[in-house]
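*Asks:* For the protein sequence lines, the chains are A and B, in the order given. Mapping of the first sequence onto our numbering: residues 14 to 354, in sequence order. Mapping of the second sequence onto our numbering: residues 669 to 1280, in sequence order.
Don't read these hints as lab results, they were simulated from the structure. Glycine residues also receive a C-beta, built at the ideal position from the N, C-alpha and C atoms. There's no promise every hint is true.
Claimed, not checked - Pairwise CB distance ranges (calculated):
#: 1; chain 1: A; residue 1: A328; chain 2: B; residue 2: G924; range: 17 to 25 angstroms
#: 2; chain 1: A; residue 1: G167; chain 2: B; residue 2: S990; range: 31 to 39 angstroms
#: 3; chain 1: B; residue 1: A1220; chain 2: A; residue 2: G35; range: 52 to 60 angstroms
#: 4; chain 1: B; residue 1: T1140; chain 2: A; residue 2: C341; range: 37 to 45 angstroms
#: 5; chain 1: B; residue 1: S990; chain 2: A; residue 2: E291; range: 36 to 44 angstroms
#: 6; chain 1: B; residue 1: A776; chain 2: A; residue 2: A328; range: 53 to 61 angstroms
#: 7; chain 1: A; residue 1: Q150; chain 2: B; residue 2: T1140; range: 30 to 38 angstroms
#: 8; chain 1: A; residue 1: M14; chain 2: B; residue 2: V1152; range: 46 to 54 angstroms
#: 9; chain 1: A; residue 1: C341; chain 2: B; residue 2: R1231; range: 45 to 53 angstroms
#: 10; chain 1: A; residue 1: G35; chain 2: B; residue 2: Q1249; range: 48 to 56 angstroms
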Amino acid sequence: MAEYRYTPENFKSDQQVKWCAGCGDHAVLNAVQRALPEVADALDKPHEKFVFVSGIGCSSRFIYYMKTFGFHTIHGRAAAVATGVKVANPDLSVWVCTGDGDSLAIGGNHFIHALRRNIDLNIVLFNNEIYGLTKGQYSPTTKLGTVTKTSPYGTVEHPFNPGELAIGAKGTFFARTVDAEVMLTKELLIEAAKHRGTSVVEALVNCMIFNNKTHASFAADKATRAENTITLRHGEKMLFGKDMNRGLVLDGLKLKVVTVGEDGYTLDDILTHDAHAEDTTLHCMLAAMKYPEYPVALGVIRSVDAPCYDTEVEAQVQSVKAASKIQCVDDLLNSGETFVL
Amino acid sequence: MEQKTSLLKDVVIRFSGDSGDGMQLTGTLFSETLALSGNAISTFPDYPAEIRAPQGTVAGVSGFQVHFGSTVVNNPGDKCDLLVAMNPAALKANAAFLKADATIIVDADSLTADNIAKASFTTDDPISELNLSGRNVIVARITTMTKEALADSTLDNKAKVKCKNMFALGICLYITDRSTAHAHDYINNKFGRKNPDVAAANNLVIEAGYNYAANNHLSHNAYAVEPQGLPKGKYRTINGNVATAWGFIAASEKSGRPLFCGSYPITPATVILEELAKHKSLGVKTVQAEDEIAGICTAVGAAYAGNFAVTTTSGPGLSLKSEALGLAVMAELPLVVVDVQRGGPSTGLPTKTEQSDLLQALYGRNGECPVPVIAASSPSDCFHYAFVASKIAMEHMTPVLLLTDGFIANSSEAWAIPQMADMPTITPPIAVAGEGDFMPYKRDERLVRSWAFPGMANLEHRIGGLEKNAATGNISYDPANHAVMVATRAAKVAAVVADIPEQSVDGDSTGELLVVGWGGTRGHIASAVAKLREEGKSVAHCHLNYINPLPANLAQIFAGYKRIVVCELNAGQAAAYLQGQFPQFVFERYNKVEGQPFTVAELVNMFNEKLN
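My request is simple: use the sequences and hints to build the entire structure.
*Replies:* If you want it as structure tokens, here you go:
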């Protein structure tokens, strides 16, 4: 492991952060700036190898606050632009900052195809379940029935769950955090960076102005989070609650919340989290858990090894280079059928 | 067949059949043979958008025309001297494209009641119905003779019949006095190892066709055209799409920047992506993106990361790429966007040619969003203009739009192979880390910013699609700053004029009529103007490749003629553009929007009308 001795200050730009006071994005920015010194050492990447690419929306302003290479692109296309960056130079650590509208509505296609290719990007998906920058219209993750400026009688559209979408697209890494859990966010970002392939970290963030308290039922404060969320860790029992005595078991084809010591359930009955399982079924069920029937799953829900698009492309280039008779453009121009007059 | 003893200057042959009959391969092998023996050639494939339209119908007819000559051939010819028709539908589709003394070879076995009905003839005699009775029509039992030649082959009947296109090829090789060697080489390379029975069958049938022509006294030199005119040198045949791809690879080598292509398949541009995908040995990386938008966005990302990036498309795809092209203008990144134009609007005529994306290329983006626009004008000069577009993009840090079209993209011609040592250098303004923070929008005297990419230490910076401060590059909503930036981006593109050659004119610098064309119509216009000049008419030809910025000496050229006519395959887009740039001149218009190239004959007629 390298030692660059970076601090969060090394990743803070001189630009004033212009998000609203109380916006959840501040906490994620803080976590990213704290995570990067550790990521740099873990991946042996100096400062100049970090690139942040964003689309359009409140969260996409993120890149201006980072003292790294940054590209603020166009609405929905950050994943596609980042794909080009990573293929062009696989040695870079490429991060995508995007919102629920940016990546799941206008950019939905690029989001699922990045996952399908398993290109080594770290996608930080800021999910506040609303369009903030356009001032309060419903997004693809807005809860059914929510009244917004464009749904004055409540939405009649079912929301996407980003975890189900990512895992359904056979994404190799999906983790979830909430804005207030800065240390958890930092931990998940480091895991995402280490994962080779497309990593999605969904950050549930609050929008004070247009969708206040949308995550509050399970995330309002520490006590609520302890009772109403479950932080999954690979190889550990799926337990939660302030006394860590509630857990998840499989009941037929469904997950069920039980209390250890009640109704005949013992600790042995509680599921052990296997984030590395190839099969997506249980990961999908965990990602889909909704409060109040279930605790909301946080932590690394899925992390599996698979070939990476960018390294496969690079490997093809190297193997074809080694085998081909065409080593320069003059070779190409004179290849195949030619004739002399 | 009528005996023609004297050598001809040039000949046009058209192969036509059902889209499953292999006419494109037949035409390609035939043209390659001619080129290999030193003839100048120009080819034009004309095929339906449907992969297999209903068999036997006129909609399913696929044609391939080759024009070959002893000296310069710069278009595939209006009408043909020889038509090879594999079925009644092919006869019907091509009857209008026959010269008065043309010969027609038709497969007798295809003239069944069923096929005649499928081609919607009203009688049982297609030849009379098309008024071809007085013509030199050779009705040959091509299918039967193909099967007879393969009597001993182990192939099944269907596979045997598939070889009939090679019978037609054999006939044509005989009557043009060409060797069958190249066709055999191709067949052996393609099938020899994988499928020796198929190779053997095709080889047998080529010879059977050749011998049939010989034994039936089809004149050995009826269509012989002696090669003589091309300058000495090493040649190959090339089509526009492959030439475009190679131009980019050459620019990558000259600039030292690895080539990246992000694209989405679209007719008629797909071959550029396919060709680039082959050349990983030259460091070329291709991403077949999930859509047109991702195609250009991956390219923009690769450009940001320091690659020389291109994206390839046709009109509908260019519409989808508009927003991201605007981002490349705003971020001032090098990028080449190729639009292989086809008939529009909307899905339009995917396999047919048109020049109707000119105004989209110039103006089709939100905001004040200038880009250099360059148009190639022949299959082989796609190499040159792709290279030049790349050089301008990288040296001026700007996206460049390269326009080609379905006609030059698919047509092929002989091309004198260049040497890389003779190609100009390409020097992108790559940043060097200095004292203090990097200023991404600091410009040189040509208004060009420098190119710093991730991985370069001490050059970290942020860019994006928001307007930025002219000095620092930080986001700026200041009204006066926006005006400065709009003017600067325009001036930067205008400054490209210093790097483009002066416009030349074929013909006298003053006269009655100046014919102005642009892009892929060069060959047809040049032929028509040359014909009139041989007759002593006062006409000259000015063909534009640099559309934005325009060459500096254009006004001076225009001033030399009494009348100016702009000929283009659209409803008058270049004429409107020129009229806006040069209000002091009157630009008359000659337009064709039929999805087909001009014919030399129609241009000659029109020019004569203007001159009288």
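*Asks:* Taking the hints in turn, state whether each one holds.
*Replies:* How the hints compare with the structure:
A328 of chain A and G924 of chain B have their C-beta atoms about 23 angstroms apart, which keeps the hinted 17 to 25 angstroms range intact. For the pair G167 of chain A and S990 of chain B, the beta carbons lie near 35 angstroms from each other, so the given range of 31 to 39 angstroms is met. Evaluation of the 52 to 60 angstroms hint for A1220 of chain B and G35 of chain A yields a pass: the beta carbon distance comes to about 58 angstroms. Range check, T1140 of chain B to C341 of chain A: about 42 angstroms between beta-carbon atoms, so the 37 to 45 angstroms window is met.
Checking the proposed 36 to 44 angstroms range against S990 of chain B and E291 of chain A shows it holds: the Cβ atoms sit about 41 angstroms from each other. Against the hinted window of 53 to 61 angstroms, the Cβ-Cβ separation of A776 of chain B and A328 of chain A comes to about 56 angstroms, which satisfies the hint. Hint check: Q150 of chain A to T1140 of chain B, Cβ distance near 33 angstroms, so the stated range 30 to 38 angstroms holds. Range check, M14 of chain A to V1152 of chain B: about 48 angstroms between beta-carbon atoms, so the 46 to 54 angstroms window is met.
Checked against the hint of 45 to 53 angstroms, the pair C341 of chain A and R1231 of chain B passes, with Cβ atoms roughly 50 angstroms apart. Here the CB-CB span from G35 of chain A to Q1249 of chain B is close to 55 angstroms, well matched to the stated 48 to 56 angstroms.
Violated hints are absent here; each numbered hint is respected by the structure.
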